[in-house]
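Colleague: Going by this note's numbering, the sequence shown opens with residue 29, and the numbers climb by one from there.
If you're looking for bench data, these hints aren't it; they were derived computationally from the structure.
Among the hints, erroneous ones may be present.
[Said to hold, decoys possible] DSSO-like, lysine-lysine: derived pairs with alpha carbons at most 30 Å apart: (1) Lys158 / Lys35; (2) Lys158 / Lys145; (3) Lys38 / Lys158.
[Claimed, not checked] So the derived label-pair ranges between C-beta atoms look like this: (4) Phe131 / Leu64: 40 to 48 Å; (5) Arg42 / Thr156: 22 to 30 Å; (6) Gln103 / Leu176: 14 to 22 Å; (7) Phe68 / Asp105: 13 to 21 Å; (8) Ser60 / Ile127: 38 to 46 Å; (9) Val36 / Glu78: 25 to 33 Å; (10) Ala119 / Leu55: 41 to 49 Å; (11) Lys191 / Ala146: 48 to 56 Å; (12) Thr141 / Arg42: 23 to 31 Å; (13) Phe177 / Met73: 42 to 50 Å; (14) Gly74 / Lys38: 21 to 29 Å.
Backbone N, C-alpha and C fix where the C-beta goes; we use that ideal spot for every residue, glycine too.
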Amino acid sequence: MLAAILKVDKVLYRAFRIVSITLLCLLFFLTSLNVLLRFFPIYSMGWFDEIVELSFAWLVFTTAAMLWRNREHPQIDFLEVLFEGTRCRYALLSLIECINILFLSVFAYYSTTLVLKAAAASPIFQITRKVFYIAMPVTGVYMTIVSLFFLAAHLRNLAAYNKTKNLSNNDSV
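Model the full structure from these sequences, guided by the hints.
Modeller: As structure tokens, then:
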């Protein structure tokens with residue numbers, strides 16, 4: 029079961045990575061083209077805003093999911109550093125992860141509600157707004173599941189810390 033979950037995680041991570049890199053390149057290209065066409069107005073890019081909005085939404089959320097999974101997002105860790113080498117560190121990390129799970133669950137729920145209620149379409153290409161918004165619940169659910177695994181690891185470390193301390197106390201007697 030765990031092997032299947034890890035395989036799905038690997039596939040999703042690769043998909044998020046491909047989407048992020050592709051959209052970043054697309055945004056760079058479109059922005060460069062838009063700047064050039066302002067100096068040499070040979071073609072109208074009235075559709076530019078739509079594609080940029082769609083690309084940017086997906087880029088932001090897929091990149092956030094990748095950063096979350098790899099724990100590469102900005103974080104304030106002075107308490108974690110302060111409690112380094114103590115049991116409190118794992119308790120603190122577990123508490124923080126519980127807060128993360130709560131936030132991400134609420135985020136995923138309300139973004140799903142937004143997707144389900146979205147009825148509008150983009151003005152030029154008539155792309156349903158659901159396509160713009162679906163990145164939020166998809167990545168929100170993904171980050172929630174990742175956080176559940178992080179919480180399990182913190183709780184395992186907390187339990188192992190207690191066992192390690194008990195073993196070292198018995199050795200000194």
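Colleague: Any hints from earlier that this structure breaks? Give me their numbers in increasing order, please.
Modeller: 7 and 14
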